[in-house]
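Visitor: Chain by chain, the residues:
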Amino acid sequence: MNVRLATANTKVLIGVLIAAAVIVAIVAVVRLDTTGKRGSGLGKEFVYDVGDLAKIDPNLILYKESTPAIDTGFTKTQAIAVDSEGSIYAAGDKAIRKFAESGNLLGETRLAGMPRCLTVAGDGQVYVGFKEHLEIYDAQGKRLATWQRLGDDAVLTSIAVSKNDVFVADAGNRIVHHFDTTGKLINRIGARDMDRNIPGFVIPSPYFDLAVGRDGLLRVSDPGRHRIEAYTFDGDLEFSWGGFSAGIEGFCGCCNPVNFAILADENFVTCEKGLIRVKIADPDGAFVGVVAGPEQFVEGGASRVSEYGPGAQAGAFDVAVDTSGRIFVLDTHKGVVRIFTRKKGE
Amino acid sequence: MSGNKNDIDRRHFLRNGLWGACLAGLGAAAGALSRKSSAENTVWQIDPEICVACGNCATYCVLEESAVKCVHAYAMCGYCRICFGFSGPEPYDINEAAENQLCPTGAIKRTFVEDPYYEYTIDESLCMGCGKCVKGCNTFGNGSLFLQVRHDRCLNCNECSIAAACPSGAFKRVPADEPYLLKRVDSVRNNTAGCKPLRSRRFSNGVDIA
Numbered sequence: 233m234n235v236r237l238a239t240a241n242t243k244v245l246i247g248v249l250i251a252a253a254v255i256v257a258i259v260a261v262v263r264l265d266t267t268g269k270r271g272s273g274l275g276k277e278f279v280y281d282v283g284d285l286a287k288i289d290p291n292l293i294l295y296k297e298s299t300p301a302i303d304t305g306f307t308k309t310q311a312i313a314v315d316s317e318g319s320i321y322a323a324g325d326k327a328i329r330k331f332a333e334s335g336n337l338l339g340e341t342r343l344a345g346m347p348r349c350l351t352v353a354g355d356g357q358v359y360v361g362f363k364e365h366l367e368i369y370d371a372q373g374k375r376l377a378t379w380q381r382l383g384d385d386a387v388l389t390s391i392a393v394s395k396n397d398v399f400v401a402d403a404g405n406r407i408v409h410h411f412d413t414t415g416k417l418i419n420r421i422g423a424r425d426m427d428r429n430i431p432g433f434v435i436p437s438p439y440f441d442l443a444v445g446r447d448g449l450l451r452v453s454d455p456g457r458h459r460i461e462a463y464t465f466d467g468d469l470e471f472s473w474g475g476f477s478a479g480i481e482g483f484c485g486c487c488n489p490v491n492f493a494i495l496a497d498e499n500f501v502t503c504e505k506g507l508i509r510v511k512i513a514d515p516d517g518a519f520v521g522v523v524a525g526p527e528q529f530v531e532g533g534a535s536r537v538s539e540y541g542p543g544a545q546a547g548a549f550d551v552a553v554d555t556s557g558r559i560f561v562l563d564t565h566k567g568v569v570r571i572f573t574r575k576k577g578e
Numbered sequence: 087m088s089g090n091k092n093d094i095d096r097r098h099f100l101r102n103g104l105w106g107a108c109l110a111g112l113g114a115a116a117g118a119l120s121r122k123s124s125a126e127n128t129v130w131q132i133d134p135e136i137c138v139a140c141g142n143c144a145t146y147c148v149l150e151e152s153a154v155k156c157v158h159a160y161a162m163c164g165y166c167r168i169c170f171g172f173s174g175p176e177p178y179d180i181n182e183a184a185e186n187q188l189c190p191t192g193a194i195k196r197t198f199v200e201d202p203y204y205e206y207t208i209d210e211s212l213c214m215g216c217g218k219c220v221k222g223c224n225t226f227g228n229g230s231l232f233l234q235v236r237h238d239r240c241l242n243c244n245e246c247s248i249a250a251a252c253p254s255g256a257f258k259r260v261p262a263d264e265p266y267l268l269k270r271v272d273s274v275r276n277n278t279a280g281c282k283p284l285r286s287r288r289f290s291n292g293v294d295i296a
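Residue numbers (our numbering), protein chains in the order written: chain A, 233 to 578; chain B, 87 to 296.
Derived by calculation from the structure, the hints in this document are not laboratory data. These numbers come from a predicted model, not from an experiment. Yeah, the Cβ is synthetic: ideal placement off N, Cα and C, and Gly gets one too. Relax, there's no trap hidden among the hints.
Label pairs and their calculated CB-CB ranges:
#, chain 1, residue 1, chain 2, residue 2, range
1, A, W473, B, N127, 57 to 65 Å
2, A, D466, B, D201, 24 to 32 Å
3, A, G354, B, E182, 48 to 56 Å
4, A, V261, B, N244, 19 to 27 Å
5, B, D263, A, Q372, 51 to 59 Å
6, B, K195, A, N419, 38 to 46 Å
Just need the whole structure built from these sequences, with the hints factored in.
Guide: Pasting the structure below:
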């Protein structure tokens, strides 16, 4: 009897052990994550999150997207400009495309290389910047001139034309070239010269914009110092404004603003990369309001280099304005031009 | 039946069978050798252009301390005073104080070079490959910080557990004689899409980094 009982107990014990082993195995298999879908399991101190910074108080947003975006049709877009008649020029994919306000394609000029920047002068001539040189086209797309190469280190990023003066931002050499309209070099602006109290531009990445203000001063972005500087055409630094801040009133990131434009009322439209923010500042640099924030441009708020495919870095958006105060933003991620108008009563 | 010349006798059957088995064995051995040789000539590496710095590299490696570390392409770096791979998005101040550092293990060293430039170096003994700095640098900077499998540590497992857990498929086999997939200035400079490096920085104090 005792032997039978002992045998039975042993069988029960073995059964319980087997059952426990099976349960442990099932739990282990269920909990096993060979695909990484459950994440790294690292604590919050290892998480890089700028989601809160991407949120902008809706009361600060003064503009609304007024019309459907214009699809440039480019796979890589680089720059935009608006002429005095309101036509929109987009540069990308070895071409310049001209669009009507409605978004209809008006024409295309094929180019030998990838354009990096462009502007439309008051007389309708289109100045196109390539990596190392400028070309000038008439309104029909006929090439009028090719200017001298500015050296292997040159990386041209912006052009401004003011009557007889042409300014070209060269991010590679961290300098502004000042030409006349025939292409003759007049001077170079912004080189480090402590005798003239000019610290030199800090350009960590090839975003280096400029524009001529209605006050006759050349405005140049100095992204490494998070500011916009004002120069005379002779190259004297008059003043600057701007500073680093993750807050909405300042320029965030290592190097911003990347692009800017000057409205007819002399306010500035600035554009930042990383947390893509398009904002308005008054002529003295005081924060006025927001055109559009990161959540309106990029899902999740912050653009990340690695999320736009192999080789694609987080493109900075170009901005342009027209005489009626509309703001054009070139969304380089989607290859479209987005048009913003000021909300009524704002 | 036995008189039919087309019939196969037992001896022939065994001989042919043995020959077939030998040939099959030889083929299998050659295939296995070839596969082993091929595996020995390749190693695991992360494609930095595909990596999303998810953090899985820090925890999925079979080694207690991951074989993946952050590396720095100095020629791409902007040497910024405010580096978002070094500082958090909202630093209290712009300096090396612990509370202003992004890296949870303090693996990035910031050294003054010349106003307003700073050099950033990775202390690999402290880096655990979480990729937090990579995200900061990629989001706001030039993307000069990126993750790589360090082959002085990697065991080159046949089935890499990090590769299996990589959400972006950034792990790939690369030739053992070219085991690193480094970011290069020229390839990025020619990409006109966005933020990219310019050229080597030459500082007046003699630092010259290509």
